[in-house]
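Those protein sequence lines, which keep their order, are chains A and B. Position 303 (the first sequence) corresponds to 303 in our numbering; numbering is contiguous. Position 184 (the second sequence) corresponds to 184 in our numbering; numbering is contiguous.
One should not assume that every hint holds.
Straight-line C-alpha distance at most 27 Å; calculated DSSO-like pairs for lysine-lysine [what the hints assert, rightly or not]:
id, chain 1, residue 1, chain 2, residue 2
1, A, K100, A, K3
2, B, K408, B, K31
3, A, K418, B, K60
4, A, K248, A, K81
5, B, K83, A, K290
6, A, K31, A, K230
7, B, K413, B, K81
8, A, K408, B, K230
9, A, K83, B, K290
10, A, K343, A, K328
11, B, K290, A, K81
12, B, K408, A, K230
13, A, K410, A, K31
14, B, K230, B, K3
15, A, K290, B, K313
16, A, K290, B, K50
17, A, K290, B, K81
18, B, K418, A, K290
19, A, K50, B, K230
20, A, K81, B, K285
21, A, K248, B, K408
22, B, K83, A, K50
23, B, K324, B, K313
24, A, K285, B, K81
25, A, K413, A, K60
26, A, K363, A, K60
27, B, K50, B, K60
28, A, K230, B, K248
These are computed hints drawn from the structure, not numbers from a lab.
So you can see what is in the structure, the chains are spelled out below.
There are 2 protein chains.
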Amino acid sequence: MSKPNAILAQSGGPTAVINSSACGVIQELIKSGKVGKVIGATNGILGVLKEDLFDASAEKPEAIEALKRTPAAAMGSCRYKLKSLDKSRADYERILDVFKAHNIHYFFYAGGNDSMDTADKVNKLAADTGYELTCIGIPKTIDNDLACTDHCPGYGSVAKYVATSAMNAGRDTEALYTTDTCSILEVMGRNAGWIAASTGLAHRTEEDAPHLIYMPEVPFTFEQFIRDVKEVYQRLGRVFIVAGEGLKDEKGEYVTAEKSALATDSFGHAQLGGVAEMLKAVIEKEVGIKTRFNKLGTNQRSAMHFASLTDVKEAYMCGKMAVKVALKGISGKMVTIIREKGKQYKSTTGLAELSDVANGENKVPRSYINEQGNGVTRAMLDYVRPLVQGQAPITIDADGLPVYMRFKRKPMKQVLPKYM
Amino acid sequence: MSKPNAILAQSGGPTAVINSSACGVIQELIKSGKVGKVIGATNGILGVLKEDLFDASAEKPEAIEALKRTPAAAMGSCRYKLKSLDKSRADYERILDVFKAHNIHYFFYAGGNDSMDTADKVNKLAADTGYELTCIGIPKTIDNDLACTDHCPGYGSVAKYVATSAMNAGRDTEALYTTDTCSILEVMGRNAGWIAASTGLAHRTEEDAPHLIYMPEVPFTFEQFIRDVKEVYQRLGRVFIVAGEGLKDEKGEYVTAEKSALATDSFGHAQLGGVAEMLKAVIEKEVGIKTRFNKLGTNQRSAMHFASLTDVKEAYMCGKMAVKVALKGISGKMVTIIREKGKQYKSTTGLAELSDVANGENKVPRSYINEQGNGVTRAMLDYVRPLVQGQAPITIDADGLPVYMRFKRKPMKQVLPKYM
Numbered sequence: 001m002s003k004p005n006a007i008l009a010q011s012g013g014p015t016a017v018i019n020s021s022a023c024g025v026i027q028e029l030i031k032s033g034k035v036g037k038v039i040g041a042t043n044g045i046l047g048v049l050k051e052d053l054f055d056a057s058a059e060k061p062e063a064i065e066a067l068k069r070t071p072a073a074a075m076g077s078c079r080y081k082l083k084s085l086d087k088s089r090a091d092y093e094r095i096l097d098v099f100k101a102h103n104i105h106y107f108f109y110a111g112g113n114d115s116m117d118t119a120d121k122v123n124k125l126a127a128d129t130g131y132e133l134t135c136i137g138i139p140k141t142i143d144n145d146l147a148c149t150d151h152c153p154g155y156g157s158v159a160k161y162v163a164t165s166a167m168n169a170g171r172d173t174e175a176l177y178t179t180d181t182c183s184i185l186e187v188m189g190r191n192a193g194w195i196a197a198s199t200g201l202a203h204r205t206e207e208d209a210p211h212l213i214y215m216p217e218v219p220f221t222f223e224q225f226i227r228d229v230k231e232v233y234q235r236l237g238r239v240f241i242v243a244g245e246g247l248k249d250e251k252g253e254y255v256t257a258e259k260s261a262l263a264t265d266s267f268g269h270a271q272l273g274g275v276a277e278m279l280k281a282v283i284e285k286e287v288g289i290k291t292r293f294n295k296l297g298t299n300q301r302s303a304m305h306f307a308s309l310t311d312v313k314e315a316y317m318c319g320k321m322a323v324k325v326a327l328k329g330i331s332g333k334m335v336t337i338i339r340e341k342g343k344q345y346k347s348t349t350g351l352a353e354l355s356d357v358a359n360g361e362n363k364v365p366r367s368y369i370n371e372q373g374n375g376v377t378r379a380m381l382d383y384v385r386p387l388v389q390g391q392a393p394i395t396i397d398a399d400g401l402p403v404y405m406r407f408k409r410k411p412m413k414q415v416l417p418k419y420m
Numbered sequence: 001m002s003k004p005n006a007i008l009a010q011s012g013g014p015t016a017v018i019n020s021s022a023c024g025v026i027q028e029l030i031k032s033g034k035v036g037k038v039i040g041a042t043n044g045i046l047g048v049l050k051e052d053l054f055d056a057s058a059e060k061p062e063a064i065e066a067l068k069r070t071p072a073a074a075m076g077s078c079r080y081k082l083k084s085l086d087k088s089r090a091d092y093e094r095i096l097d098v099f100k101a102h103n104i105h106y107f108f109y110a111g112g113n114d115s116m117d118t119a120d121k122v123n124k125l126a127a128d129t130g131y132e133l134t135c136i137g138i139p140k141t142i143d144n145d146l147a148c149t150d151h152c153p154g155y156g157s158v159a160k161y162v163a164t165s166a167m168n169a170g171r172d173t174e175a176l177y178t179t180d181t182c183s184i185l186e187v188m189g190r191n192a193g194w195i196a197a198s199t200g201l202a203h204r205t206e207e208d209a210p211h212l213i214y215m216p217e218v219p220f221t222f223e224q225f226i227r228d229v230k231e232v233y234q235r236l237g238r239v240f241i242v243a244g245e246g247l248k249d250e251k252g253e254y255v256t257a258e259k260s261a262l263a264t265d266s267f268g269h270a271q272l273g274g275v276a277e278m279l280k281a282v283i284e285k286e287v288g289i290k291t292r293f294n295k296l297g298t299n300q301r302s303a304m305h306f307a308s309l310t311d312v313k314e315a316y317m318c319g320k321m322a323v324k325v326a327l328k329g330i331s332g333k334m335v336t337i338i339r340e341k342g343k344q345y346k347s348t349t350g351l352a353e354l355s356d357v358a359n360g361e362n363k364v365p366r367s368y369i370n371e372q373g374n375g376v377t378r379a380m381l382d383y384v385r386p387l388v389q390g391q392a393p394i395t396i397d398a399d400g401l402p403v404y405m406r407f408k409r410k411p412m413k414q415v416l417p418k419y420m
């Protein structure tokens, strides 16, 4: 009988290092000699459902190695969310049908908590129906909000980039404060403020940006915000603000333009757009200083040109460990990162139940946020500092720019009827 | 009699390398032994007018050297614009009064064409009133739109960063196109499209972002834009667009939301905000694909963490050359960069009349833009490629982040009555 095949899928928002995890999975599986093909799912779980698969183990070894120097998701990703087994049973059964059709008995899934939920349900359905399947999750999210792990691959790199971006743009504001007096840097993080909080690393002295950091964990009020901005402006003559995109008010609702009478233009129209634009409008109206905003958007989660070496190494380690665990016959777990005790930072891996990860959420603890709720504490800086260490190597070509790899994606023959 | 003093001022929008030019000026002046103090104007010409000056030559040598690794404007900048000699005569006379009061006979001014205009008028007024003054301009603008020079210090670094950002975010869109199908990267350049055009370096294959580049030099029409987006979407299933912030219509007027009936929300309100948000609204309405936008803002002109080594070196060369020229007794000129003929890129410096720079503008030539007006030609790539070569060294500390220098700015004693 032929060796079982393994499948790997990438899910959700890309990061600078999810491909490093993929590299670990593919290389370790090939090295083990225990599987036939390492199959890639094109665009995550969508590729499984559509039977849109390719032979990842047929990619050139140097292409597989170059995953460590390539951002985003080399196999493609998606945001397709499976519901409960009751509601999405057809999807779950289809996944197992595709696995059976391609002799797939190992399922590696890199993603956030929704993905861990999917992996958990696939794992349970396989067990219930007597199909031999080993499911292992690999943590991935720039938001750093997964439960059961000290931190998530992807976070260290976005932290390094946004903190550096705050330094850079902060110096710009400091140079030109006589006209551009206030600047806002909007960063990702709809529910957790880990990314915003990481920019505290840039604030080494009172002079240094950011002077104010707002995170979704602390209820946002316009009154306090305006007071904060005025205080910094009076003290320094300039203000640099970092705002997480998902700021919420005391009722836990997103702070949006429609809810703020302050954020109206001179015609009484509500200002549309993101948090930064709304805060800009509020500052210009209530504090009366010219305000600019930068929105790094997807540039922050794909910034391979200045990614954290620690993050790349840990992402790779998680990928390799997922395979080692799977080959021991363990299933239904996600690989976690454990921060070892001691002065010198060192991390190892552990395991968590997929269902525990699926149902948990890791927000920035209140003790990591200052009393006023507009900055971070030393505990936060101590937490994030080791994660941004080192610069991940990239390849630069004659154009003076990075070179990223693209998989050939040799398609697997489709054998099942069309599904979607 | 004591040696004459020199003054240096930085003007307009900061760049990653304007401090490298300052480094060249200060180091070369100190080395020459021909001047007393090198005086820094705090916040550009505002510092001169307010007699807010500091002793730049008293800064530590290692701080002066660290200018090469520090973005923005270490002496402070401003956007204060002097008008004609008739209209702003008091300002010009005040400048000369401050120069006289501080024994300043050398004036180095790093900036764009408005700054060169100011330097020119100060130079002429000094000559007319018999005050011995040598004025030399140093080119600086990320916009790359100064006349009389092959290119401008600051441009190579922003080009390197935005092209890399287009690569990074382009890979993100490629990975997640099943939900986030279209992305727009808004870049600076209100009148000239040099920055947008530089992202053409990232488009190495048809797959690679950006697929469409829009520059202010080509009249923008919504009809063509929608056709372009649909064509790319049908061909690749995703679209990555770079838009210069200053797109103009056929009448030469800025394309703003108010002018486009297409860019209205479901309530009929005009979408406010920048070009990217407006284009996003148009695409979502007319093409029907989900669109994101990134606005790098001031992050693009301060990105020292990935600045061009070529740019840093040329900026430094321009600063040194300004001093060499001034000490020869030449005045009323701006240092230019000359691209030498030959296959291997090599640059030297030249000189241009300040008035010629003040009255000129260097836009992207039509031959650098493709026929359809939505991309660039090989000529553009050949022009920009040498300018992004090499990565400028930075210092990284135990926080894993860059270390930037801040001048002590030991203030000069004020001897004149208050002016502003």
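Would you list, in rising numerical order, the hints stated earlier that this structure does not obey?
Numbers 3, 6, 10, 14, 15, 21, 22, 26, 28 - these are the hints that the structure violates, sorted from lowest upward.
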